[in-house]
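Protein sequence lines correspond, in order, to chains A and B.
For the first sequence, the working numbering gives the first residue as 1, with consecutive numbering after it.
For the second sequence, the working numbering gives the first residue as 1, with consecutive numbering after it.
Just so you know, these hints were derived from the structure itself, not from any lab.
Small disclaimer: the values here were computed from a predicted structure and weren't measured.
We put the beta carbon where it would ideally sit given N, CA and C, even for glycine.
Just to be clear, a hint being listed does not mean it is correct.
What the hints assert, rightly or not - Result set (DSSO-like, lysine-lysine): computed pairs, CA atoms no more than 27 Å apart in a straight line:
no., chain 1, residue 1, chain 2, residue 2
1, A, K123, A, K242
2, A, K36, B, K76
3, A, K36, B, K118
4, A, K123, B, K118
5, A, K108, B, K118
6, B, K286, A, K235
7, B, K246, B, K218
8, B, K118, B, K76
9, B, K295, A, K141
10, B, K80, A, K50
11, B, K282, B, K218
12, B, K274, B, K286
13, A, K36, B, K80
14, B, K218, A, K108
15, B, K286, B, K301
16, A, K242, B, K286
17, B, K80, B, K69
18, B, K295, B, K282
19, B, K118, A, K50
20, B, K69, A, K36
21, B, K282, A, K235
22, A, K235, B, K280
23, A, K235, B, K301
24, B, K301, B, K282
25, B, K69, A, K50
26, B, K118, A, K141
27, A, K134, B, K218
28, A, K108, A, K134
29, B, K118, A, K134
30, B, K218, A, K235
31, B, K295, A, K235
Unchecked claim - From the derived model, a few chain B residues whose C-beta atoms are all more than 10 Å from chain A:
no., residue
32, K218
33, S234
34, T248
35, K274
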Amino acid sequence: MEGKLNEENMEEVMLLEENIRRLQAEVAELQGQCQKHQKELTLHSSQSMKRALSLVCGHTLQEDTHVVLSSLREEVEQLEDDLERQSNINGISLRSFTACTLESSDTKSVQQMCVSGQCSDLKFQVEFELSEVKGDERPEKSITSFNVVMGAGDLQNFSSFLSGVEESKDILLFFRTLRTFSDRMDERRRAFQHFQTKYGHVVCAPGDNSSLLTFHHPDLPGCIFLVHWSVDVSKEGEVTPKVDLLTKIPDRALQLFQSQAVVGTAEAFHSLLRLLGPEAALEEVIRAAGLITD
Amino acid sequence: MNKQQVDIFPTKQGDGRPLNMEPAKGVLSHLSALEVRARSRQVQPRQRSRVEELRARAEALTVQRDRLKAEIHAHKGIEKHKTRLNNRGAAAAEEEMETEDNENEQLLHLIARVMDLKQLLYAHHIIGGYDITKTRRGKGICVTLSTAYEGVYLETYNMELDVGPTLKISRHNVPPFIPLGELCEPAGRQKDLRGFLDPLLTRLNAFAGRRQQLRLVKELHPSVTVMESNMLCSILVILLSTPREKTTLLCTLNYTDHTRCLPTGVHFDCEDKKLLESSKWKNNRKLLMETPVHKALGAMKNMDCIG
Chain A
1 MEGKLNEENM
11 EEVMLLEENI
21 RRLQAEVAEL
31 QGQCQKHQKE
41 LTLHSSQSMK
51 RALSLVCGHT
61 LQEDTHVVLS
71 SLREEVEQLE
81 DDLERQSNIN
91 GISLRSFTAC
101 TLESSDTKSV
111 QQMCVSGQCS
121 DLKFQVEFEL
131 SEVKGDERPE
141 KSITSFNVVM
151 GAGDLQNFSS
161 FLSGVEESKD
171 ILLFFRTLRT
181 FSDRMDERRR
191 AFQHFQTKYG
201 HVVCAPGDNS
211 SLLTFHHPDL
221 PGCIFLVHWS
231 VDVSKEGEVT
241 PKVDLLTKIP
251 DRALQLFQSQ
261 AVVGTAEAFH
271 SLLRLLGPEA
281 ALEEVIRAAG
291 LITD
Chain B
1 MNKQQVDIFP
11 TKQGDGRPLN
21 MEPAKGVLSH
31 LSALEVRARS
41 RQVQPRQRSR
51 VEELRARAEA
61 LTVQRDRLKA
71 EIHAHKGIEK
81 HKTRLNNRGA
91 AAAEEEMETE
101 DNENEQLLHL
111 IARVMDLKQL
121 LYAHHIIGGY
131 DITKTRRGKG
141 ICVTLSTAYE
151 GVYLETYNME
161 LDVGPTLKIS
171 RHNVPPFIPL
181 GELCEPAGRQ
191 KDLRGFLDPL
201 LTRLNAFAGR
211 RQQLRLVKEL
221 HPSVTVMESN
231 MLCSILVILL
241 STPREKTTLL
251 CTLNYTDHTR
261 CLPTGVHFDC
271 EDKKLLESSK
281 WKNNRKLLME
291 TPVHKALGAM
301 KNMDCIG
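The following block holds chain B by itself, in its conformation from the complex (with noise of 0.2 Å):
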């Protein structure tokens, strides 16, 4: 902040009428003109300066209330033309801003445009895009690999490739006990992209609805052991205690297609063969092999079959 220099021998007042000084009246009036300057300055810097300051705090404020109202008037002018780029598509509003000699509706319009495109980049990261992006001069490429499971994102992975005569992996952070070499080299060959990444994607998204699966079984089914899983999360072996037979079984869910979230084999291991032989058995055997696990097992808790 500036501080206001004071001026200790003002030769105005603060409105800019010269000081009430009649040199021709002798000491006598000097004094009493002094006298009334002394008094009045005792009041006057204080109420000037909180003047001079109210002045400034409202200017100020005027300031800062044209620039917002100008803010407010341009975002106007940008919805005005993003509604119009969404009604008639933007090869039509480009078509229609040719002819704009307006400079401010050019700029508006760009604008408009740019949010737009924005936006609707954002929309395909959102919906699971690849993310694609051109790396050292378009000799490479970067994709993202999202994976979700339910309705939850969760880990993405990253892959830099070589677009050569064929697409070569240069760098990935892909877990190493996805078959990357076997999914992709047959596509990667014909540099077929898509066929590249779309197999790759579904296995990844499988491994990571798996292991999710896994997390919800510890998190939501304190009750049930988990005995065994691998890193892959393709076989889960968990311990079941049923709270009306006093026993406990050992169920074994093997997922031999690692591209599903479903088991392909469900085995039960229980002393009392019996129990296995029964319809209520028979049926929770169906019910896991057709829901995910942490789901099946919160209908079995509810059918009371296990505790």
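Chain A on its own, in the form it takes in the complex (with noise of 0.2 Å):
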């Protein structure tokens, strides 16, 4: 009977014991997976998240889900103010932001990030490389690569400045140019939508979002002032808007004038400019043109 027992035992422990192995190795394979995600999880160390991810993980069943729930919503809703204010505040709205991990010990880690978003109506896809160091000295944190995506028509003003900047990997830079672009095209956009709707019937823009306006008198469609106003960008990243006043007169026209006012347009403009800005100095050009009669 003791032999028996002892038998009996034996068996039991050789087969827990194979039990055993086979679950540690199932429990490694599961740990390996989740490290993933903890990582994840220690960004977002938050009551209610704790709480909500322990109730889908299922580790606490007591937990009344409408109060975890509530609690969710009330965090979501803050985070969407708080995204609203960054958005504004930066004049730039992120759609999507990836990222995934190259490289990571102890003293360096690597991560490759994509963000896509759009300021004002100019749509851009950043992909970069960040690198951090964890030094005694100084941490460093620094962009390893950078790579621009943007719009085709966007471009024409912008790519000088593009392959500069993601040659230096200035990504901070890239993005203080992209936003003070954006605010002067604006700038651009209202001034040529209010000439065209106090002047419709002398102001013709020949696109949405042109660089050129013209003004000609309905009884002299041959006269045409022309005013190019472009957006540049430095290498540097300055910005700076340029307006231009040229004057296309048939060549007939111009043999049996020859008058100063004509030939003098583009220099007077320009003082003009200094003195009063864009908007008035083509409002004054319209009233000294004689385009309308009020």
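Build the complex from these two chains, which are given one at a time in their own frames, with help from the hints.
Quick look at the structure:
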């Protein structure tokens, strides 16, 4: 009887040991899968998130789901407010953000990140690598590669700046310049719209986001004032609007009336521009050229 | 750990069966029964506790495994909701959830939304956003001004502003040689927060950039002696030596435009006037005007202009 008992036990011990080995392997594998999540979770350490997570993971069963849901909704609302505030002040609204870890150790981590969004109506997508060195002197955070994708229509004035900023990996400069550029573009759009609504019968803009605006008297379709308003971006990221006034008058008309006023238009406009700013200067031109009769 | 209580006179065996003791058969049989029990006790308790230990282990591992499985399952659910948020946008996903009765799905959706929002907020921070927060029940705001040069994140400055009829700075750690008042007052009067912060941020970044350039000159070009520089890093005087002509040049870089990292004027001083007239050094001046100084010096060294 005694021997039998021992035998049974031995068998059970072996079975259990086998079982434990299997479970251990399984747990180790699952833990590996979980590690990624757990890292992510440390970022989301609010009380309501912790409770919600332990609820969906089935760690706590007694929690009142309604309470957790409502506190989570509250948190979402707060975060939405916060995001709106950042979007407003930064002039940039972000649509998506993804990150994946390329390298991670005690001293260094490298993450590949991708951010997309828009600044006014300029859409962008940027990809970059963020590396963080946790030295004992000064922890250093830097961008190690930087790549920008933008709509082709927006690129004309931006291209030389863009290639420079990608090379220098200056992501902060890129966004500062993008914001200023977009502000200046908005100013131009507003000014053009203003003239089109105010002087609809004499003003014409060829496209929605064009850099050209033309004026001509309805009775004189051959004589045109062209306003060329471009927003230039230097390699260093300096944004400067440039407004020029050009005249298009048939050669024959010029031969007949060699007036100083027409020849010196461009220079005269520039001094007007310096004094009054673009909107008021253009108003003056329209008035002076007799395009409108009050 | 709980210490297992050891029963000295067990009336039951480990598996719950009553101990084999037949009371009717007299002293001898009782003694033999005791003997069996004594002998078996030498082996049994050890074995029994081993089995129990193993059983407990297996049980604990099973619990742990189920817990991890549940966790992974939940995270798959969160991931699913995240993808949905990304593909259809927050508003559309929100609408879909309104008809969802399953509380677990609702939870997963909200968790995904919180994570998504936090990531977008982090992205704003990384791309150099102002990180605006309200303080004193909306009476004030705090902003962060991040600086970086060529991809390296440098100092961040903080400001607390009073949001009254005008914007006023109540506290800040911006260096005193940055003319805060001059930069911010006009926009502050109009409560134009962006107009207030943008020019300041440009200045701070230009300053951080110039200072970083100075650091890099010292680090990368030990043969170049920095003779003079100021706090604002708006002037830099360096001593260069020419290996071929065996002479030294004093190079003065002026950064009068404080919104830029590049100099507005470059001036050389040297006893050898002819050298300064040479096209080589005219090119060097151009190079220093258009390229950050640490890089320009590198290029000049490569061309054997300086030692």
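Verification of the hints:
no.: 1; hint: K123(A) / K242(A); in the structure: holds, 23 Å
no.: 2; hint: K36(A) / K76(B); in the structure: holds, 12 Å
no.: 3; hint: K36(A) / K118(B); in the structure: holds, 17 Å
no.: 4; hint: K123(A) / K118(B); in the structure: holds, 22 Å
no.: 5; hint: K108(A) / K118(B); in the structure: holds, 23 Å
no.: 6; hint: K286(B) / K235(A); in the structure: holds, 16 Å
no.: 7; hint: K246(B) / K218(B); in the structure: holds, 22 Å
no.: 8; hint: K118(B) / K76(B); in the structure: holds, 19 Å
no.: 9; hint: K295(B) / K141(A); in the structure: holds, 21 Å
no.: 10; hint: K80(B) / K50(A); in the structure: holds, 19 Å
no.: 11; hint: K282(B) / K218(B); in the structure: holds, 24 Å
no.: 12; hint: K274(B) / K286(B); in the structure: holds, 18 Å
no.: 13; hint: K36(A) / K80(B); in the structure: holds, 16 Å
no.: 14; hint: K218(B) / K108(A); in the structure: holds, 25 Å
no.: 15; hint: K286(B) / K301(B); in the structure: holds, 15 Å
no.: 16; hint: K242(A) / K286(B); in the structure: holds, 26 Å
no.: 17; hint: K80(B) / K69(B); in the structure: holds, 17 Å
no.: 18; hint: K295(B) / K282(B); in the structure: holds, 17 Å
no.: 19; hint: K118(B) / K50(A); in the structure: holds, 15 Å
no.: 20; hint: K69(B) / K36(A); in the structure: holds, 14 Å
no.: 21; hint: K282(B) / K235(A); in the structure: holds, 22 Å
no.: 22; hint: K235(A) / K280(B); in the structure: holds, 25 Å
no.: 23; hint: K235(A) / K301(B); in the structure: holds, 25 Å
no.: 24; hint: K301(B) / K282(B); in the structure: holds, 15 Å
no.: 25; hint: K69(B) / K50(A); in the structure: holds, 18 Å
no.: 26; hint: K118(B) / K141(A); in the structure: holds, 20 Å
no.: 27; hint: K134(A) / K218(B); in the structure: holds, 23 Å
no.: 28; hint: K108(A) / K134(A); in the structure: holds, 6 Å
no.: 29; hint: K118(B) / K134(A); in the structure: holds, 23 Å
no.: 30; hint: K218(B) / K235(A); in the structure: holds, 26 Å
no.: 31; hint: K295(B) / K235(A); in the structure: holds, 16 Å
no.: 32; hint: K218; in the structure: holds, 16 Å
no.: 33; hint: S234; in the structure: holds, 16 Å
no.: 34; hint: T248; in the structure: holds, 31 Å
no.: 35; hint: K274; in the structure: holds, 33 Å
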